[in-house]
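Take a look at the letters that make up each chain.
There are 2 protein chains.
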Amino acid sequence: MAPAGPLAEITVVDLSRVLAGPYCTMVLADLGARVIKVEKPDGGDDARQFGPFVQGRSAYFASLNRGKESIALDLKAERDRNILHRLLARADVLVENFRPGTLDRLGLGWDDLHRRHPRLIYAAVSGFGRTGPYATRPAYDLVVQAMGGMMSLTGHPGTAPTRVGTSIGDITAGLFAAVGINAALVHRAVSGQGMLVDVAMLDGQVAILENAIARFGATGQSPGPLGARHPSIAPFDAFACADGYIVIAAGNDALFRTLCIAMGRSDLPDNPLFRSNESRTTHQAALKAELESVLQTNAAAHWLDVLAAAGVPAGPINGIDQVLADPHVQARTMVIRAAPRPGTDTLADADGPVMAGNPVKLSAFPDPAVRPQAPDLDADRDRILAELGWPPDPGS
Amino acid sequence: MAPAGPLAEITVVDLSRVLAGPYCTMVLADLGARVIKVEKPDGGDDARQFGPFVQGRSAYFASLNRGKESIALDLKAERDRNILHRLLARADVLVENFRPGTLDRLGLGWDDLHRRHPRLIYAAVSGFGRTGPYATRPAYDLVVQAMGGMMSLTGHPGTAPTRVGTSIGDITAGLFAAVGINAALVHRAVSGQGMLVDVAMLDGQVAILENAIARFGATGQSPGPLGARHPSIAPFDAFACADGYIVIAAGNDALFRTLCIAMGRSDLPDNPLFRSNESRTTHQAALKAELESVLQTNAAAHWLDVLAAAGVPAGPINGIDQVLADPHVQARTMVIRAAPRPGTDTLADADGPVMAGNPVKLSAFPDPAVRPQAPDLDADRDRILAELGWPPDPGS
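Protein chains in written order, with my numbering: chain S, 1 to 396; chain C, 397 to 792.
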């Protein structure tokens, strides 16, 4: 079921649920890994219950679990743990996002599994990681966005707190886990040994704070939110045209001059307030008023044409409908659909749930616009058990 | 100079500048890869000029380029291109984030390099990628956050557009590139061939839209910004206490009941408006008013203690100062400093720039709290040229 890709030789046993772990294994599956999703028999991955639903199936679950296989196992039952060990004996990677300690209590923790399956790479994604004082605390995306500083940088000054509009805490952790798993695979080719990859959602938030930490370190001041603008580049903001906003990012003097000429305001670069990026940043409110006084004389689409022709970085603030309809986004195969799984009665291709494509484009492999549909719970049980030779021959 | 890590056998030649490419190679360097930064002789990476400065060096540049080496080469000069080819002949990976076409015009594009160095993995990070109608357009983070839909989901309804407070467009692209590079390394062990990894910042934004695409696909409605709250979970929001905001994320009925009991409002779960998550989401404004009427009777710190004791996911909205001082963040080695490079007169350890640590924690390798300082421009020239046997022996 896995598509052609650089990880085609790799098998991932995926015990993870909801978002951070499944996002990691989605990335691996998109790169060709075989991902066998091991779900609890009673309902499976919680995300199967998350709306909205398309023809009775969660569209959210569908997008995160495309191209994976499913088998239901009760990890509290010895028989099913034995099946899991057979799976792990043939697998390269285990991914889980239980709270630290949960799998240890079932004899399925890193220490136990490393002893039994020394080549297995064990990736654990959790809210706070496996060490440190908060290790066993529960976390959701919102909690790590808040505790990790991202919310302190996002929003407009003076408004109520603002979350990044997608679950960047989960997604970033999933990406760091995918990086770590692949690096561990590279190393295993040399060492022959697996390793534990421990990724915390909170750590991932700290790791993407970017210039905020450097600014705090140099000045002792915690930066606050700035709406849409940049702390040290101007103009770099959202600007109001006659019928709505566009963004403009003129990151250096040459681009600023080009912008001003394109807008018919070649006087602005010679204004002492706006002569350097530093000065423009100091006087960004005055600069914004000057630019908007011109922009508001015409529509956003007009100005985007003018700025594109001049080569000034600018763009529309697209809603999701506009993103999915964008000809460039489509040309990059970033809007894809789920194909029916062989032997499953299901939707026609064109009716499958719409989802984001794989942003890792590789010259050596195709980038299909249709990916295999997410599995129903336990859909691959018979085939997987047959591969494992389960149940064992009573004579053996 | 590279620390111990799973990529210790890997050498990366890094032609990238500013953020997306350097973030990718920082992640690889943190995992042990040797990263040789090739910079233009005239000033090097533009980010060297970005404030704030610590003892004359950009703190921003320092955090992104720790653990790397530097050599200055003029890629327009044949002699320096010959040095680059000697470097590439011994390297595993090339990373660049020029606008598509720039390196091709110097004879250093993917086609040329793949012919000459067939095992080399070539990772190109750009605003819009190497294909599609916008391929050659300039982009900054703000532009892809706007065009990719992230800004349409972030902020409070009715306010001016809101950018995610860090350059998530660059950072996400850097992470996808790191995933792709490592996957290509895994594959090269089988195939013996390098490949092109083409990552667009815009594609990366589409890839992290998460449930927004599924919601649009199922309903035909483009979701808008929701402040700090979740579209389909309640309570999952920022709430005002007597002295400031905290976040609370009670993602299911059991947690909601626990929350209400801990707050002394065991009546709320039996209120018909709040009996199910779906109903709580519909009536989230009324629920928020009920919860805040209690929360505002005491301080944030009090409520965080109460909720932690009850096991309800909750947390403070930390500023950068609080993030860096957090005992858990420190225990996870997520606050690190740059160590002096051998042979460089520089800061004492404790005075080096503060930066985020490596969020990929690996059982097989140490996770040092001090990483080698970023190089000054061309700092490693002599040693690198000597390794390459340059200049060539005139007799050979």
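Hints are supplied without guarantee of correctness; some may be wrong.
[Said to hold, decoys possible] Here are the simulated lysine to any residue pairs, SDA-like style, with alpha carbons at most 20 Å apart:
(1) 40/S to 379/S
(2) 684/C to 700/C
(3) 472/C to 502/C
(4) 436/C to 780/C
(5) 40/S to 648/C
(6) 288/S to 157/S
(7) 684/C to 104/S
(8) 436/C to 759/C
(9) 40/S to 102/S
(10) 436/C to 400/C
(11) 684/C to 159/S
(12) 436/C to 481/C
(13) 76/S to 57/S
(14) 288/S to 481/C
(15) 436/C to 252/S
I should point out that these hints are in silico values taken from the structure, not numbers from a laboratory.
Tell me, which hint numbers fail for this structure? Violated: hints 7, 8, 10, 13 and 14.
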